[in-house]
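K.L.:
Given next are the chains, with one letter for each unit.
Number of protein chains: 2
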Amino acid sequence: MSLIVMKFGGSSVGTTERMQRVARRIADYHEAGHQVAVVVSAMGDTTDDLIDQSKQLNPNPPAREMDMLLTTGEQISVALLSMAIHQIGHKAMSLTGWQAGFRTDAVHGKARITDIAPERIFKAFEQGYTVIVAGFQGMTDDGEITTLGRGGSDTTAVALAAAINADVCEIYTDVDGVYSTDPRVVKCARKLNEISYDEMLELANLGAAVLHPRAVEYAKHNNVRLVVRSSFTQNEGTSVKEEAVMEQGVAVRGIAYDKDVARISILGVEDVPGVLATVFGALAAGEVNVDIIVQSGVLNGKADFSFTVSLSDKDKAISVVEGIRGEVSFDEVTSEEDLVKVSIVGAGMVSNPGVAAKMFEVISGLGISIKLVSTSEIRVSCVIAADRIHDVVRALHTAYGLDVEEQAFIGGPKDRR
Amino acid sequence: MSLIVMKFGGSSVGTTERMQRVARRIADYHEAGHQVAVVVSAMGDTTDDLIDQSKQLNPNPPAREMDMLLTTGEQISVALLSMAIHQIGHKAMSLTGWQAGFRTDAVHGKARITDIAPERIFKAFEQGYTVIVAGFQGMTDDGEITTLGRGGSDTTAVALAAAINADVCEIYTDVDGVYSTDPRVVKCARKLNEISYDEMLELANLGAAVLHPRAVEYAKHNNVRLVVRSSFTQNEGTSVKEEAVMEQGVAVRGIAYDKDVARISILGVEDVPGVLATVFGALAAGEVNVDIIVQSGVLNGKADFSFTVSLSDKDKAISVVEGIRGEVSFDEVTSEEDLVKVSIVGAGMVSNPGVAAKMFEVISGLGISIKLVSTSEIRVSCVIAADRIHDVVRALHTAYGLDVEEQAFIGGPKDRR
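Listed in order, the protein sequences are those of chains S and L. Per this note's numbering, the very first residue in the first sequence carries number 5; after that it's consecutive. Per this note's numbering, the very first residue in the second sequence carries number 5; after that it's consecutive.
FYI, nobody ran anything at the bench for these hints, they're computed from the structure. A quick note: this is a predicted structure, and the numbers were derived from the prediction, not measured. The C-beta atom is built at its ideal place from N, Cα and C for all residues, glycine as well. Heads up, a few of these hints could be off.
[Claimed, not checked] If you want the footprint, here are the derived chain L segments under chain S, 3+ residues with CB under 8 Å:
no., segment
1, 174 to 181
2, 259 to 270
3, 380 to 386
[As the list claims (entries may be wrong)] Quick list of in silico lysine-lysine cross-link-like pairs, BS3-like style, CA-CA up to 27 Å:
no., chain 1, residue 1, chain 2, residue 2
4, S, 95, L, 127
5, L, 59, S, 95
6, S, 114, S, 245
7, L, 362, L, 191
8, S, 114, L, 127
9, S, 114, S, 306
10, L, 114, S, 127
11, S, 114, L, 95
12, L, 127, L, 191
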C-alpha cells in the first residue's frame with residue numbers, strides 16, 4: 005500500500021467524460037489498496053470565464069475579492085469529481101483549501117503556503133475516503149480565502165505530498181511526460197524517464213510548461229518524488245527527483261526554446277562606474293524582469309549593453325531607459341523582436357567540455373548568427389532570429405544524440421494551472 | 005443612522021447591469037450614513053446550471069457534495085457584488101456563510117441555523133465596510149459546508165438581521181411588495197402597505213411566493229421587521245410585522261390561489277375506529293404531504309374521505325392507499341386534477357362574522373361548485389375547478405372591497421430563492 009497524491013489540471017477534468025475517466029483512474033488506485041489524495045484545478049475555462057465576468061463590473065477588482073471569486077472554480081471541480089467517484093461506488097470527500105488545512109500568508113492573488121494541518125485528511129483516510137482537495141487556494145490565520153497564483157495547483161499537490169509524507173506526487177497533464185524537446189517540432193523527441201529537479205527547473209522556466217517552476221522548487225526543497233504523466237494514457241511518465249540517471253554519453257537532457265523574448269540595446273554608454281547598477285536598478289524599480297544581460301568591450305570610453313525582456317515588457321523597458329538619460333549618458337536605445345531563446349539543459353554538461361562549443365557550431369553551421377549568449381552550470385542559452393528556430397531545435401536534438409526512432413506523444417489541450 | 009439588512013434574490017443580480025444597479029442602491033444607503041449588511045443569492049440560473057452539471061456525473065449525488073457544489077453560486081455573487089461596489093468608490097467586503105459566522109446543524113441540503121457569531125461583521129462595520137454575505141449557506145461545528153435549502157437566502161437575511169439587531173430587514177424582489185392578490189390576474193389588485201406575520205405566512209404558503217414561509221416564521225419568532233420591496237423601483241414596499249393596521253371595514257387582506265392541487269377520494273370506507281389514523285399514517289410514512297382533509301357523514305356504516313395533495317404526489321398517494329387495502333376496507337379510490345385552491349386571508353376575519361359565507365356566496369353566484377373547504381382563524385380556502393379561477397379571484401377581490409383604481413405593479417422575472 006502506498007500513499008499517493010494525484011494532481012489533475014483543468015483540461016483533464018474539462019468535460020463530463022474526462023471527469024469520469026479521472027474518477028475511474030482514482031478508483032483503480034483505491035481498489036489496489038492505496039490511500040489517495042487528489043488535487044484538482046478548476047475545469048477548463050472556468051477561471052478565465054470568472055475573470056471576464058469580474059472585469060465587466062470592475063477592471064481593477066480588489067485582490068481579496070478576486071480570490072473569493074476564483075476559488076469557487078476549484079470548489080466546483082472537487083465537488084463534481086467527488087460525485088463522479090461516488091457514482092462508481094467509491095467513497096470520496098471533497099475539501100476546500102482551508103478545509104484541507106492549507107494556511108497561507110495574506111498576499112491575495114499570490115499567497116505562499118505557511119503551514120498545512122492535514123489532520124482532517126488523515127481522519128478521512130481512516131474512514132475509507134479518497135480525499136479531493138481544491139488546488140490553488142488556502143486561508144490566512146484571519147480566515148481570509150487566498151489563492152496561490154498561477155501554477156498554484158501544482159504547488160498545492162507537492163506541498164500536500166510533503167505534508168502527508170506521500171510516497172509519490174503524480175502530476176497528470178495532457179502530455180506523456182517531459183520530453184527532450186517540443187514533440188510538435190521534433191518528431192523524434194524522446195520522452196525522458198528521469199530528470200533532476202534542477203534540470204526540470206531550467207526546462208520549466210524555459211517554456212516546457214508541463215510543471216510549474218514553483219512546484220519543482222518546492223519538491224526539491226522537500227525531496228518529494230514527482231512523476232509527470234498523461235491523464236489520457238497509462239504510460240509511465242517522467243520521474244523528477246534529486247539524482248536522475250543520465251544515459252551513457254548523453255550530456256544534454258533536453259532542448260527548450262522561448263519566443264517571448266525582446267532585445268534592448270543601449271549603445272554608446274559612457275563607461276563610468278555604477279552605470280550598470282543605475283540602468284538595472286531603474287528597470288527593477290519599473291518592475292521589468294530582465295533575463296540575459298551582455299556588455300560588450302569598451303571602445304573609446306564607450307560601451308554597448310544588451311539585455312532581454314519579455315515582449316510585454318519591451319515598451320516599458322525602453323521608456324525606463326529613456327527616463328534615466330539625465331543620470332546616464334548614452335547615444336541610442338534600439339530594440340528587436342522576432343527573436344527566440346534556445347537552450348540546452350543537462351546536469352552532465354558540467355563534466356563534458358565542449359558541449360557549449362558544439363551548440364555554437366550547430367547554429368553557425370545553419371548560417372544563423374547568435375545575438376546573445378548566457379550560461380549556467382546546467383544550461384546554455386542562445387538568442388537568435390526566430391524564423392528558423394525549428395531547424396535549429398531539430399539540428400541540436402540530433403547533434404546531442406537525443407533522437408529516437410518512434411515517438412509516443414499524445415497531444416491534447418494545454419493545462420493552464 | 006440605521007443598521008439595515010438588504011437581501012437581493014438571484015434575478016436582482018442576474019446580469020451585469022442589474023448587479024451594478026444593486027451596487028448603486030447599497031452605496032446610496034452607505035452614503036446616507038447607514039450601516040449595511042447585504043445578503044445575496046446565486047445569480048440567475050447558476051444554481052440550476054450546477055445541478056444539471058452534477059446530474060450528468062451522478063444522478064444521486066451525496067448531499068454533502070451537493071452543498072459543496074451549490075454554495076459556490078452565492079460565493080460568486082458576493083465577490084462580484086463587492087467588486088461592483090468598489091468600482092463606485094465604496095468599501096465592501098464579501099463573506100461566505102461560514103466567514104459571516106453562520107453555524108448550522110449537519111443536515112446537508114436543508115440545514116437549520118443553530119447560531120450566528122457576527123463578530124467579523126461588526127469588525128468590518130468598524131472599518132467602514134459594507135458587508136456582503138453569501139445567502140443560503142453555513143458551516144457545521146466540524147467545518148462542513150451546508151446549505152439551508154430552498155428559500156434559504158430569505159432565512160439568511162432574517163437570521164442575520166436578528167443576530168446583529170438590525171432596524172429593518174429589506175427583502176428586494178421583482179415585485180413592488182405584497183399584493184392583495186396576483187396583479188397579473190386582477191388589474192386593480194392593491195399593494196399592501198402593511199401585513200402581519202401570520203397573514204404573510206398564509207399568503208406565502210398559498211403561493212404568493214415573494215417571501216419564503218420559513219423566513220417569515222423566523223422573523224415572527226425574533227420580531228424582525230421585514231420590508232418586501234422591488235429592486236427595480238424606489239417604491240415603499242410592504243411592511244411585515246406583528247400587528248398590521250387593517251383599513252376600515254376590510255376584513256380580508258388578500259386572496260391567494262394555488263394550482264398545485266390534486267384531490268384523492270376514498271369511497272365507501274368501512275367506518276371502524278382508527279381508519280383515519282391508518283390512512284394518513286400510511287401517507288405520512290410514504291412522505292406524502294396532505295393538505296385539506298374532509299370526511300363526509302357516515303351512511304350505512306360507510307364513509308367517504310377526500311384529501312388534497314400536490315400534483316407530484318398524486319400517483320404516490322393513490323398507490324399508498326391501494327397498498328393498505330388489507331388493513332382498511334373501502335370500495336374505490338378516485339382522483340381529480342385541474343383543480344385550484346383559492347383562499348381569502350385576513351386577521352380581521354375572526355371578528356367579522358359572515359366573511360366565509362360571503363366567499364361561498366360569491367363562488368356559487370358564478371355557478372361554480374365548491375369541492376372542498378378548509379378554514380383557519382385567518383383563512384378560508386375552497387377547492388374548485390381550475391378553469392374559471394381568474395373570474396373567481398376578481399369577483400372575490402371586488403366583494404371584499406380590495407379593488408383600487410390604478411395599479412402600480414412592475415413585473416420582472418421571478419426570484420427563485
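K.L.:
Each hint should be assessed against the structure and marked as holding or not.
P.N.:
Results of checking the hints against the structure:
1. Counting residues of the segment 174 to 181 of chain L whose beta carbon lies closer than 8 Å to any beta carbon of chain S gives 0, which falls short of the minimum of three for the stated coverage.
2. Here the segment 259 to 270 of chain L counts 0 residues with a CB under 8 Å from a CB of chain S, which misses the bar of 3, and the coverage is violated.
3. With a threshold of 8 Å between beta carbons, the proposed coverage of the segment 380 to 386 of chain L by chain S is violated, since 0 of its residues qualify and at least three are required.
4. For the hint pairing residue 95 (chain S) with residue 127 (chain L), the CA-to-CA distance comes to about 40 Å; that exceeds 27 Å, so the pair is violated.
5. Restraint check for residue 59 (chain L) and residue 95 (chain S): the C-alpha separation of about 18 Å stays at or below 27 Å, so the hint holds.
6. Restraint check for residue 114 (chain S) and residue 245 (chain S): the C-alpha separation of about 26 Å stays at or below 27 Å, so the hint holds.
7. About 22 Å separates the Cα atoms of residue 362 (chain L) and residue 191 (chain L), which keeps this hinted pair within 27 Å; it holds.
8. Distance check on the hinted pair: residue 114 (chain S) and residue 127 (chain L) sit about 25 Å apart at the alpha-carbon level, within 27 Å; holds.
9. Taking the CA atoms of residue 114 (chain S) and residue 306 (chain S), the gap is about 42 Å. The hint is violated against a cut of 27 Å.
10. For a cut-off of 27 Å, the pair hint linking residue 114 (chain L) to residue 127 (chain S) stands: about 25 Å separates their Cα positions.
11. Among the hinted pairs, residue 114 (chain S) with residue 95 (chain L) is consistent with the structure: their alpha-carbon atoms are about 22 Å apart, no more than 27 Å.
12. As the CA atoms of residue 127 (chain L) and residue 191 (chain L) are separated by approximately 48 Å, the hinted pair breaks the 27 Å bound.
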